[in-house]
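Chemist: Sequence:
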Amino acid sequence: MTAFITPKQFHEADGVDDWRVLWSVAFALYRTGDFATGVRLVDEIGRLAEAAGHHPDLNLRSAVLEVRLVTKEHWSLTDADLELARQISAAAAALGVHADPGSTRTWEFAIDALDVDKVRAFWCAVLGYEMVGDSDIADPDGLYPPVFVQQMDVMRKGRNRIHIDVGVPHEQAEARVAAALAAGGTLVTDRFAPMHWTLADPEGNEVDLATWVGRD
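Be aware that the sequence shown starts at 1, since it is given in full-length UniProt numbering, and climbs by one per residue.
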(Lines of atoms letter the chains of each structure in order from A and count residues from 1; the text may use other names and numbers.)
(Lines give C-alpha, C1' and ligand atoms only; values in the text may rest on other atoms or scores of the structure.)
Protein backbone atom coordinates (compact mmCIF):
# COMPACT_ATOMS: atom_id res chain seq x y z
CA MET A 1 0.00 0.00 0.00
CA THR A 2 1.13 3.53 -0.71
CA ALA A 3 1.60 5.95 2.18
CA PHE A 4 0.54 9.58 2.03
CA ILE A 5 3.25 12.21 2.37
CA THR A 6 2.98 15.96 2.81
CA PRO A 7 4.64 18.53 0.53
CA LYS A 8 7.02 19.31 3.39
CA GLN A 9 8.00 15.64 3.69
CA PHE A 10 8.50 15.45 -0.07
CA HIS A 11 10.81 18.46 -0.10
CA GLU A 12 12.78 17.22 2.91
CA ALA A 13 13.50 13.88 1.21
CA ASP A 14 16.78 13.14 -0.56
CA GLY A 15 17.05 12.99 -4.34
CA VAL A 16 14.27 15.43 -5.27
CA ASP A 17 16.15 18.69 -5.82
CA ASP A 18 14.74 18.80 -9.38
CA TRP A 19 11.17 18.95 -8.06
CA ARG A 20 8.82 21.55 -6.64
CA VAL A 21 5.40 20.89 -5.14
CA LEU A 22 2.79 23.33 -6.44
CA TRP A 23 -0.40 22.94 -4.40
CA SER A 24 -0.58 19.13 -4.15
CA VAL A 25 1.36 18.09 -7.29
CA ALA A 26 5.12 17.59 -7.71
CA PHE A 27 6.49 19.29 -10.83
CA ALA A 28 9.85 19.02 -12.58
CA LEU A 29 10.85 21.05 -15.63
CA TYR A 30 13.76 19.68 -17.67
CA ARG A 31 15.71 21.75 -20.20
CA THR A 32 16.31 19.06 -22.80
CA GLY A 33 17.83 21.40 -25.38
CA ASP A 34 16.32 19.57 -28.32
CA PHE A 35 13.33 17.40 -29.16
CA ALA A 36 15.26 14.17 -29.67
CA THR A 37 16.76 14.36 -26.17
CA GLY A 38 13.32 15.05 -24.78
CA VAL A 39 11.97 11.94 -26.49
CA ARG A 40 14.80 9.85 -25.01
CA LEU A 41 13.96 11.14 -21.55
CA VAL A 42 10.28 10.41 -22.14
CA ASP A 43 11.21 6.85 -23.15
CA GLU A 44 13.16 6.41 -19.91
CA ILE A 45 10.30 7.84 -17.85
CA GLY A 46 7.88 5.51 -19.62
CA ARG A 47 10.05 2.51 -18.76
CA LEU A 48 10.30 3.55 -15.11
CA ALA A 49 6.59 4.33 -14.86
CA GLU A 50 5.56 0.97 -16.30
CA ALA A 51 7.88 -0.87 -13.93
CA ALA A 52 6.44 1.06 -10.98
CA GLY A 53 2.83 0.84 -12.12
CA HIS A 54 2.61 4.57 -11.43
CA HIS A 55 2.31 7.08 -14.24
CA PRO A 56 3.16 10.79 -14.39
CA ASP A 57 1.73 13.38 -16.76
CA LEU A 58 4.21 14.65 -19.35
CA ASN A 59 4.24 17.82 -21.43
CA LEU A 60 6.92 17.66 -24.14
CA ARG A 61 7.96 20.67 -26.22
CA SER A 62 10.87 21.18 -28.60
CA ALA A 63 13.43 21.95 -25.88
CA VAL A 64 11.67 21.37 -22.57
CA LEU A 65 9.86 18.56 -20.77
CA GLU A 66 7.49 19.14 -17.86
CA VAL A 67 6.72 16.19 -15.57
CA ARG A 68 3.87 16.14 -13.04
CA LEU A 69 3.51 13.56 -10.30
CA VAL A 70 0.52 12.97 -8.03
CA THR A 71 -1.38 9.89 -6.92
CA LYS A 72 -4.57 10.54 -8.84
CA GLU A 73 -6.80 8.18 -6.86
CA HIS A 74 -6.47 10.56 -3.90
CA TRP A 75 -5.08 13.65 -5.64
CA SER A 76 -2.34 13.68 -3.05
CA LEU A 77 1.35 12.91 -2.88
CA THR A 78 2.40 9.43 -1.77
CA ASP A 79 5.63 7.51 -1.37
CA ALA A 80 5.05 6.17 -4.90
CA ASP A 81 5.42 9.73 -6.24
CA LEU A 82 8.54 10.28 -4.16
CA GLU A 83 10.23 7.10 -5.39
CA LEU A 84 9.37 7.74 -9.04
CA ALA A 85 10.55 11.36 -8.75
CA ARG A 86 13.94 10.12 -7.57
CA GLN A 87 14.16 7.64 -10.44
CA ILE A 88 13.20 10.26 -13.03
CA SER A 89 15.82 12.66 -11.68
CA ALA A 90 18.47 9.93 -11.94
CA ALA A 91 17.40 9.13 -15.51
CA ALA A 92 17.62 12.80 -16.49
CA ALA A 93 21.08 13.11 -14.93
CA ALA A 94 22.25 10.02 -16.84
CA LEU A 95 21.19 11.71 -20.08
CA GLY A 96 22.93 14.96 -19.10
CA VAL A 97 19.59 16.79 -18.85
CA HIS A 98 19.30 19.48 -16.20
CA ALA A 99 16.20 20.57 -14.31
CA ASP A 100 15.08 24.19 -13.99
CA PRO A 101 13.04 24.11 -10.75
CA GLY A 102 12.74 27.89 -10.62
CA SER A 103 10.64 27.84 -13.79
CA THR A 104 7.96 25.45 -12.54
CA ARG A 105 4.47 26.93 -12.41
CA THR A 106 0.81 26.06 -12.73
CA TRP A 107 -2.43 28.00 -12.87
CA GLU A 108 -6.20 27.78 -12.95
CA PHE A 109 -9.20 30.06 -13.34
CA ALA A 110 -11.25 30.75 -10.22
CA ILE A 111 -14.82 32.06 -10.30
CA ASP A 112 -16.77 33.27 -7.26
CA ALA A 113 -20.41 32.16 -7.43
CA LEU A 114 -23.61 32.15 -5.42
CA ASP A 115 -24.86 28.97 -7.11
CA VAL A 116 -21.74 26.88 -7.67
CA ASP A 117 -23.38 24.03 -9.58
CA LYS A 118 -25.24 26.28 -12.03
CA VAL A 119 -22.06 28.23 -12.79
CA ARG A 120 -20.09 25.00 -13.14
CA ALA A 121 -22.68 23.58 -15.55
CA PHE A 122 -22.36 26.65 -17.79
CA TRP A 123 -18.56 26.52 -17.94
CA CYS A 124 -18.60 22.77 -18.51
CA ALA A 125 -20.79 23.36 -21.55
CA VAL A 126 -18.65 26.21 -22.87
CA LEU A 127 -15.28 24.52 -22.37
CA GLY A 128 -16.23 20.89 -22.92
CA TYR A 129 -15.15 20.13 -19.34
CA GLU A 130 -16.62 17.81 -16.71
CA MET A 131 -17.58 18.21 -13.05
CA VAL A 132 -14.88 17.25 -10.52
CA GLY A 133 -15.58 17.09 -6.81
CA ASP A 134 -17.81 19.70 -5.23
CA SER A 135 -16.31 22.86 -6.68
CA ASP A 136 -14.09 22.18 -9.71
CA ILE A 137 -14.44 21.45 -13.39
CA ALA A 138 -11.66 19.98 -15.49
CA ASP A 139 -10.64 19.00 -19.00
CA PRO A 140 -11.40 15.24 -19.18
CA ASP A 141 -8.05 14.71 -20.97
CA GLY A 142 -6.10 16.83 -18.48
CA LEU A 143 -4.62 19.02 -21.21
CA TYR A 144 -5.97 22.43 -20.21
CA PRO A 145 -6.19 24.36 -16.92
CA PRO A 146 -8.99 23.51 -14.49
CA VAL A 147 -11.60 25.96 -13.22
CA PHE A 148 -12.33 26.35 -9.50
CA VAL A 149 -15.79 27.71 -8.64
CA GLN A 150 -15.67 29.22 -5.17
CA GLN A 151 -18.75 29.59 -2.98
CA MET A 152 -19.80 33.13 -2.03
CA ASP A 153 -22.37 33.94 0.65
CA VAL A 154 -23.40 37.29 -0.84
CA MET A 155 -22.79 38.97 -4.18
CA ARG A 156 -19.46 40.78 -4.03
CA LYS A 157 -19.29 44.36 -5.26
CA GLY A 158 -16.30 46.48 -6.13
CA ARG A 159 -14.02 43.56 -7.09
CA ASN A 160 -14.04 41.21 -10.04
CA ARG A 161 -15.40 37.71 -9.50
CA ILE A 162 -13.06 35.89 -11.90
CA HIS A 163 -9.36 35.65 -11.12
CA ILE A 164 -6.37 33.45 -11.87
CA ASP A 165 -4.71 31.19 -9.29
CA VAL A 166 -0.99 30.82 -10.01
CA GLY A 167 1.02 28.14 -8.23
CA VAL A 168 4.68 29.05 -7.71
CA PRO A 169 7.60 27.37 -5.89
CA HIS A 170 7.37 28.19 -2.21
CA GLU A 171 10.85 29.70 -2.02
CA GLN A 172 10.08 32.12 -4.87
CA ALA A 173 6.69 33.40 -3.75
CA GLU A 174 7.77 36.58 -1.96
CA ALA A 175 10.09 37.56 -4.81
CA ARG A 176 7.28 36.97 -7.30
CA VAL A 177 4.97 39.19 -5.21
CA ALA A 178 7.63 41.90 -5.11
CA ALA A 179 8.12 41.69 -8.88
CA ALA A 180 4.38 42.01 -9.46
CA LEU A 181 4.21 45.09 -7.22
CA ALA A 182 7.22 46.62 -8.97
CA ALA A 183 5.47 46.03 -12.30
CA GLY A 184 2.56 48.25 -11.24
CA GLY A 185 0.40 45.83 -9.29
CA THR A 186 -1.20 46.39 -5.91
CA LEU A 187 -1.57 44.10 -2.92
CA VAL A 188 -5.24 43.32 -2.29
CA THR A 189 -4.53 41.16 0.76
CA ASP A 190 -1.77 39.09 2.33
CA ARG A 191 -4.09 37.77 5.03
CA PHE A 192 -3.54 34.17 3.94
CA ALA A 193 0.20 34.37 3.17
CA PRO A 194 2.29 32.32 2.71
CA MET A 195 -0.52 30.09 1.39
CA HIS A 196 -1.44 32.81 -1.06
CA TRP A 197 -1.27 36.54 -1.74
CA THR A 198 -4.03 38.33 -3.68
CA LEU A 199 -2.74 40.96 -6.10
CA ALA A 200 -4.37 43.20 -8.70
CA ASP A 201 -3.02 44.57 -11.95
CA PRO A 202 -3.19 48.34 -12.69
CA GLU A 203 -6.82 47.94 -13.88
CA GLY A 204 -8.03 45.81 -10.98
CA ASN A 205 -7.84 42.30 -12.49
CA GLU A 206 -6.86 39.89 -9.71
CA VAL A 207 -4.51 36.97 -9.25
CA ASP A 208 -3.72 34.74 -6.28
CA LEU A 209 -0.06 33.76 -6.06
CA ALA A 210 -0.19 30.47 -4.20
CA THR A 211 2.17 27.91 -2.64
CA TRP A 212 1.76 24.54 -0.94
CA VAL A 213 2.60 26.04 2.46
CA GLY A 214 -0.36 25.68 4.83
CA ARG A 215 -2.11 23.05 2.70
CA ASP A 216 -0.73 19.99 4.50
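Incorrect hints may appear among the rest.
Unchecked claim - With a straight-line Cα cutoff of 20 Å, these simulated SDA-like cross-link-like pairs (lysine to any residue) come out:
#1 Lys72 x Phe4
#2 Lys118 x Ala138
#3 Lys8 x Trp23
Said to hold, decoys possible - Pairwise CB distance ranges, derived in the manner of DEER restraints:
#4 Ala121 x Lys8: 30 to 40 Å
#5 Asp17 x Ser76: 13 to 23 Å
#6 Leu114 x Arg40: 49 to 59 Å
#7 Arg191 x Ala90: 24 to 34 Å
#8 Gly46 x Met1: 19 to 29 Å
#9 Arg47 x Ala182: 38 to 48 Å
#10 Ala90 x Glu171: 15 to 25 Å
#11 Val64 x Met155: 38 to 48 Å
Simulated from the structure, these hints should not be mistaken for laboratory data.
These numbers come from a predicted model, not from an experiment.
Ideal placement from N, C-alpha and C gives every residue a C-beta, glycine not left out.
Chemist: Hint by hint, which ones does this structure get wrong, listed from lowest number up?
Modeler: 7
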